[in-house]
Amino acid sequence: MLGAYREQAYQVYDDAYRAAKRLYADVDALVNNPSDMTLLTARNSWRAAREPYSQSEALRFGNWFVDEWDAKVNSWPIDEGFIDYVDGSYLASPTNLWARTNIIASRSMRVSDREVPLNYIVFKQLQMLESVADVESVVVTGYHALEFMLWGQDTHGNGAGAGERPWTDFSLKQCTNGAVAADSEMPCRKRGEFLRTVTILLMRHLQEMREHWGAGEGTPGDRLVRGDVNTGLNRLLFGLAAMSTEELSGERMQVALLTHAPEEEQDCFSDDTHNSLWYNAKGIENFYYARYPEASASQGAVSGPKPSLAALAWRYYPDLAARLDVAFDRTREVMAVIRAQGESGEQVVDQLIAADNPDGNALLQDAIDRLREQGLLLNELAQALGLQLMAPAALGEAAQ
Amino acid sequence: MRTSLVVLALILGACDVDKQQFPEVDEAVLVTEALSGGATTFTKLNPNVSLAQHAYSQPATNLGTQERASFTLGNSFFTSPWVSAPSSVSTRDGLGPLFNAAACQDCHIRDGRGRPPDGNSAISSLLRIALDSGRPDPVYGNQIQDLALPGARAEAVLGIDWEYSERRLAGGEIVSLRKPVPALTNLGYGSLQATHTSLRIAPPLIGMGLLELIDENDLRAVADEFDADGDSISGRIHWLSGVEGRQVGRFGWKASQPSVRQQSLAAFANDMGISSAHFPDEICTPEQSVCREFPVGGRPELEPAIEEAVVFYVRHLAVPARRAVAAPEVVAGKVLFFELGCAACHRPQWTTVTSPDSPALSKQVIWPYTDLLLHDMGDGLADGVIEGDAAGAEWRTPPLWGIHLAKVVGGQGIGYLHDGRARNFKEAILWHGGEAAASSEAFAMLPKGQRENLLSFLKSL
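As they're listed, the protein sequences go chains A and S. Okay, so the first sequence: first residue is 1 according to the numbering used here, each after it adds one. Okay, so the second sequence: first residue is 1001 according to the numbering used here, each after it adds one.
Calculated from the structure, these hints are not laboratory results. Accuracy of the hints is not assured; some may be wrong.
[Claimed, not checked] Facing chain A, a subset of chain S residues (Cβ under 10 Å, in silico):
| # | residue |
| --- | --- |
| 1 | L1051 |
| 2 | G1064 |
| 3 | L1149 |
| 4 | G1151 |
| 5 | V1290 |
| 6 | A1305 |
| 7 | I1306 |
| 8 | G1411 |
Owing to the predicted nature of the structure, the values given are computational and were not obtained by experimental measurement. Heads up, the beta-carbon is just placed ideally off N, CA and C, and yes, glycines get one too.
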């Protein structure tokens, strides 16, 4: 079972890496030849890149090294005014001194009595910027930084509509900053550099994580498989339960619902949160059943019955297994409704969470309750197996 | 299990040094001592210390799945910035108009302690002010809020000058000490009448729920207000009177708050300008009309569900395990800690009472190294600010648990003691005066090697 988990993890990150590679090709096309069409293609490619990644998040909490790594690729919320222009509706942390830096428009910035040039966006600089600011909401790498660069700020609050960055924001010939013409081609050139650099960085991170689950000896994935079975089982179950009850239903859904805040919506620039929620939930389910039928790009997609937690539960605790099946079905049902409404444009997540939308609120609350139920049942399964569901140890498990 | 063996090795530390010159140790006892917060202790320290910067932000290890979800919810409201009212983010609006910070974690850096002002930012410390009588300044109140919403005037800009001195220790080592002299400029509301100013850094929040559950009777038993036992140490409970009758003060630099809830709500009110059921009013004094001129973010601004989540979160922040408890220099340092009298106030061990609201925190054997009592700490540390029943030279013994990770969590800029003046443990010890003067002096007179042992013990806590 642990071996199947490792293989599936490899597959998911392999897909995520390949999808990021396709995103790079489309981003490159956008930068070389900016137009409505190339911008739309790049945005769709970003959406596609999120699908495997969102499913991989079910691995985070059972694996300390994944959770630590995750900040490099998926940090949010972002004070996006650090990166580029924003309008009056921008809500940054009032104590983030860097919240309106705008590295795209600035030729330099002052860092501890030193003027740092910002004429070009390059790797080293991006990493330096995050560490110098030392503010969690200063994020210049990962999916959400790219999302902001592709969509721009969503100025519609809880209303319909996502970010509306025009393709001319990337044009060297008729460079704009949104609705207004830019003084020079510099911001547009730097946006292109930003997209390329951050996408390459993302690819590298995904490749690194894929290798952690690869066939090599001594990798974290290898240590999991060779290690103590109960420790491994505990990690699988803890990870899925924590993703269900803490991260997905808590941090991502309950907080957004309680605050009614569009900024608390994870994919807030693209309004694509209904998809990340759907694939997050799907990831949990897939790892419970050890199935990953969406393996589209990679060769040798996982198929046929694999040793899984579900099979284990059915073998030893059929009553509990049946309840878990029902719980996963119920979660999938309601998540499908949220996704369908988002895809059809009927309502997206920032509308669902609006204070004056009781039906939308109730729909989201239903999904939260079902995810919690599912998490508690996973906990019950752990107890039935004699495991004390505990956060995984960092010791000996940290990747290098 | 392999991992627990590794945990054990980390906790016990390297033991291949010649033990003869050091006391015998019972390793089973040491393992218990290493779990500073009993079963709640966070034991999964990353061996790569630079990656352990979130070691103060972990939930109590023995929380169940559902309780962890509550913790996560509270964490979100602890870390996210509050915004001005009215806003689409209605649950998180109500900041200011005067404030020191926009989020709890602005000051409690990664749930740890704050930094004294460094010339760029004074965000994680604040200035407490008072008249001679201890009463608040009629205009500025009892705290300077150095930030304000756009359109409002901040009360002042807080700067610090450092006053340096030197102390010579046995063997000739010279230690440079510094003391902050707060300087207020750009006063926004006229001249300051307060005669005492006291810089305060934000304290770390680990283990707060456990300290709340130390039995009041146990605290009474160790209090010795009139020094009946003649050891020159006369700790006393800071009794607070409130609507709920007489209560033991447990939290804050002068133990002025009785509970995690009240401490947290006071911070919401005073540091962020956010009203709550317990503190329904904005923090302006009658002389400051600014609070009446700005819209409020609901009455109260802190909604009850959010209050519950944040209080749950703060109560259940785990204390990280100790490190290297069996290392010979640590064991030797521990003996000195007792011999020098440090343990008379930094009392090592307590057992919590049962609380139906907090089963995970109940009946835990904990090692906070505090007695939660007020002690006269002498002129060097005195700030002259009378708080309730606490005098200008009195301070609550701060807990020492988890202190080995203070700089990993908060960065090199953090400091120890109420105003962050001490840059390391040695300086902190040397500032101890008053009831602790004899212990501090004894430390200074120790041979250097033994001083290092005592510091090693502190670095293991």
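Taking the hints in turn, this is what the structure says about them:
no. : hint  : result
1   : L1051 : holds (7 Å)
2   : G1064 : holds (7 Å)
3   : L1149 : holds (8 Å)
4   : G1151 : violated (13 Å)
5   : V1290 : violated (16 Å)
6   : A1305 : holds (7 Å)
7   : I1306 : holds (7 Å)
8   : G1411 : holds (8 Å)
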